[in-house]
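Residues per chain are reported as follows:
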Amino acid sequence: GAVVSQHPSWVICKSGTSVKIECRSLDFQATTMFWYRQFPKQSLMLMATSNEGSKATYEQGVEKDKFLINHASLTLSTLTVTSAHPEDSSFYICSAHRDTDTQYFGPGTRLTVL
Amino acid sequence: AQSVTQLGSHVSVSEGALVLLRCNYSSSVPPYLFWYVQYPNQGLQLLLKYTSAATLVKGINGFEAEFKKSETSFHLTKPSAHMSDAAEYFCAVSDSGNQFYFGTGTSLTVIP
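Sequence order for the protein chains is A and B. Under our numbering, the first residue of the first sequence carries the number 1, and numbering increases by one thereafter. Under our numbering, the first residue of the second sequence carries the number 1001, and numbering increases by one thereafter.
Simulated from the structure, these hints should not be mistaken for laboratory data. For each residue, glycine too, the CB sits at the ideal point set by N, CA and C.
To be clear about the criterion: a stretch of chain B counts as covered by chain A if any three or more of its residues have a C-beta under 8 Å from a C-beta of chain A, and this derived list gives those stretches:
1. 1034-1041
2. 1044-1053
In silico BS3-like links for lysine-lysine, alpha-carbon gap of 30 Å or less:
3. Lys14/A with Lys64/A
4. Lys41/A with Lys1058/B
5. Lys1068/B with Lys41/A
6. Lys20/A with Lys55/A
7. Lys41/A with Lys14/A
8. Lys1068/B with Lys1058/B
Whenever a hint applies, use it, and build me the whole structure from the sequences.
What follows is the structure, encoded as structure tokens:
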């Protein structure tokens, strides 16, 4: 149990386009999901906390207008990178609460912006 | 505030040898502590967690970790390394399971 999926697993896009990444909790409902960004050989950086039915809470320094988060249901959160640029290229990972004290992570989405 | 420090960004062990990955934490409240493993181009997989129950926690794949409050440590061990253990390992601390703070990670190499 506690499976979290992400789609797509890898996306390549042109600079200036927008990319949507989906995060789904497959076998449980998640009122809270989290979006992380990971640069090569580095740790995870929390970008935002996604709350079902309300606005996301962004970490300091993360542009909310660039990284749009929508948590429309208890099993789906989406991250849209708007007007992507090469510096947005990264590995994006989502996670979701199943138990009250543990996060379960998705497999990640690699974004490459040309 | 919570934080974790992982000593050693790279650890190499021989196959069959003891694995020891170090993690020290800082927390103003009783912490929840986690170890995650990440294989290349994949997400994080939970190895084990400590949430104020038994101080010696057993996880998957033969890993275990011991919570030592006096040393503010939560080191990860495995008696005998296997080639498949080669991966990146992250220690994380949380105050309530909501906000996680990750260490910088330790890359484990297993030498045949």
